[in-house]
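> All chains, full assembly: derive it from the sequences and hints.
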Amino acid sequence: ITSSGVACFFRTYLPLQSYDIFVKEVSLKYNLNMNIFKYIYDVTLLVKDFARMNKSATYNWLDELYSKNLNRSIVVEGILRTLAMITEKGDENILLPIVVAGLRSEVSAEQEAAIMVIEEWRTKECLEAIRSVHKFASDMIEDYAKMVADELEKELTLC
1 ITSSGVACFF
11 RTYLPLQSYD
21 IFVKEVSLKY
31 NLNMNIFKYI
41 YDVTLLVKDF
51 ARMNKSATYN
61 WLDELYSKNL
71 NRSIVVEGIL
81 RTLAMITEKG
91 DENILLPIVV
101 AGLRSEVSAE
111 QEAAIMVIEE
121 WRTKECLEAI
131 RSVHKFASDM
141 IEDYAKMVAD
151 ELEKELTLC
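In our numbering, the protein residues as written are 1 to 159.
Quick caveat, the hints were computed from the structure, so don't treat them as lab data.
One thing to keep in mind: the hints can contain errors.
Within a straight-line C-alpha distance of at most 27 Å, the following computed DSSO-like cross-link-like pairs (lysine-lysine) qualify [unchecked claim]: (1) K24 / K55; (2) K48 / K24; (3) K89 / K48; (4) K124 / K135; (5) K68 / K24; (6) K89 / K146; (7) K124 / K48; (8) K146 / K135.
Next comes the structure, spelled out in structure tokens:
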């Protein structure tokens, strides 16, 4: 896959240099393998595009993918991070059970990804979900969850 093919396929229309620089910068900043990051980024854009075309089928597919990979933490984490980026406003409760399961996981990366989803969605149900967790995988994750919950609580009381 070339950068121009990806740009046309995903309708990003980034000039080749911009796409390559973006991938290189992010890869260097987070110490990621550039080819793996490029692949993950391209797949995320593909899922986002599918969600725009057929939301219900995409949500069902992600739910099925989650169900078949419950014991593969890296897949669950990826699904959670994808949910944060593709879920449309008002659809959060459809996919909330996956996020709640991520919050209750013993794996810190899954908990962190679930909190990121909550931080993005920002609903009353998300606040209830994060407040219902009694044990976090690490102090850092617990602090992150508390920060997001407090911030969300303040935001929701203003509305």
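> Next, verify each hint and record whether it holds.
Against the structure, the hints:
no., hint, result
1, K24 / K55, "violated, 31 Å"
2, K48 / K24, "holds, 22 Å"
3, K89 / K48, "holds, 14 Å"
4, K124 / K135, "holds, 20 Å"
5, K68 / K24, "violated, 32 Å"
6, K89 / K146, "holds, 23 Å"
7, K124 / K48, "holds, 25 Å"
8, K146 / K135, "holds, 12 Å"
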